[in-house]
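With the hints as your guide, set chain B onto chain A.
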Amino acid sequence: MHIMEGFLPTPWWQIWFAVSIPVIFYGIHKLNRLVKEKREILPLLAVAGAFVFVLSSLKLPSVTGSCSHPTGTGIAAIMFGPAISAVLGTIVLIYQALFLAHGGLTTLGANVFSMGIVGPVVAYLVYKAGMKANLNLYLVVFLAAAFGDWATYVTTSVELALAFPAGGALTFAGFMSSFGKFAAIFAVTQVPLAIMEGAVSALLFKYVVNVKSDILVEMKVIEDAVVRKLRGTSA
Amino acid sequence: MSRKLELIVLAILLIFAIQFIYMSSTTDAEYGGADGEAENVINEITGGTYEPNAEPFWEPPSGEIESLLFGLQAAIGAGIIGYFFGYYKAKKNYENELGYKGKNKSEGDKHSL
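Read top to bottom, the protein sequences are chains A and B.
Counted the way my numbering counts, the first sequence spans residues 1 to 235.
Counted the way my numbering counts, the second sequence spans residues 236 to 348.
Please keep in mind that the hints were generated in silico from the structure rather than gathered at the bench.
C-beta atoms are modelled at their ideal positions from N, C-alpha and C, and glycine is treated no differently.
Treat the hints with caution; some may be incorrect.
Unchecked claim - Derived CB-CB ranges, DEER-like:
hint: 1; chain 1: B; residue 1: THR261; chain 2: A; residue 2: ARG39; range: 53 to 59 Å
hint: 2; chain 1: B; residue 1: GLN254; chain 2: A; residue 2: GLY180; range: 42 to 48 Å
hint: 3; chain 1: B; residue 1: GLU294; chain 2: A; residue 2: PHE25; range: 28 to 34 Å
hint: 4; chain 1: A; residue 1: GLY65; chain 2: B; residue 2: GLY317; range: 29 to 35 Å
Chain A with its partners taken away, still in its complex shape (with noise of 0.2 Å):
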């Protein structure tokens, strides 16, 4: 999902820009009150974070012929919601604008407006309903993480066709006809990656679960109901 260093022309990356900065400025201010009032989370923001490092390093072939990489923001967004996703998927990104040539400074924006923020927020809601409907809590995080990551190259393929609708003028019927090409490379290419990042995602969830449900719950991301549930059950 990574737009290329210089793939974005003016005005586009600007505006990316100016829609990304205020949400990273907000996460950064959350993270800072979180790590103040809760020193106790600090590990778990450390395993989400290096998730994102983890899967968003992996670049997995797919059905497809081609090959992509998960995200990893779904976690960090179900425990710490979209702000401080933004944030640590900002990091990442950081390094592999600068380290692989993979993404780049001026897309930065719209990159961390895909994998940090739209991708998150999607799997946050996606949790919240999923949670309210009383679903399996891994299934709930599965279709999360899901959601989160497949969400993420939709908005790559939003932003290319805005920046690049055909025929060079940005009308409706140009942008759906280049969304459609996008759309083809990203977001199809992503369907069977977000169903293995899903499944991984609620592995990792488990395990977090298990050994540190107290955190949790007190951080209202569980209720202590299901987590007596899932101990009393299967898990």
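Just chain B now, with coordinates in the frame of chain A:
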């Protein structure tokens, strides 16, 4: 502890692995990066007139160096995850064993770093 979820996840990963082995041996798919394919589409839409307005500061000089840095990224992440899960697991075990839980809990948590 039930291992149901582990089995399901393993099954999902196996399906993709087998699918990949089958596909890569029967077709001549290139398995290039999707990011690079987007570049081709941009060229196609604009008729090749688009000039990138910026260049990366620094590029890994070869594919080997690039995979080194990607591997490093994964290793850092995996190390952190493993460290804290091991830490939490051991802490929980000792707490249960010594009946430490509940006593001095808030203080214990403060030292969790």
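Between A/GLY65 and B/GLY317, does the C-beta distance stay in 29 to 35 Å?
Holds: the Cβ-Cβ distance is about 33 Å, inside 29 to 35 Å.
If I claimed the Cβ atoms of B/GLU294 and A/PHE25 lie 28 to 34 Å apart, would that claim hold in this structure?
Hint holds: Cβ distance 30 Å, inside 28 to 34 Å.
B/GLN254 paired with A/GLY180, Cβ distance criterion 42 to 48 Å:
Once the Cβ atoms are compared, 25 Å apart, the range 42 to 48 Å for A/GLY180 and B/GLN254 is violated.
Holds or violated: 53 to 59 Å for the Cβ distance of B/THR261 and A/ARG39?
For B/THR261 and A/ARG39 the Cβ distance comes to about 54 Å; the hint holds.
Hint violations for this structure: number 2 only, all remaining hints satisfied.
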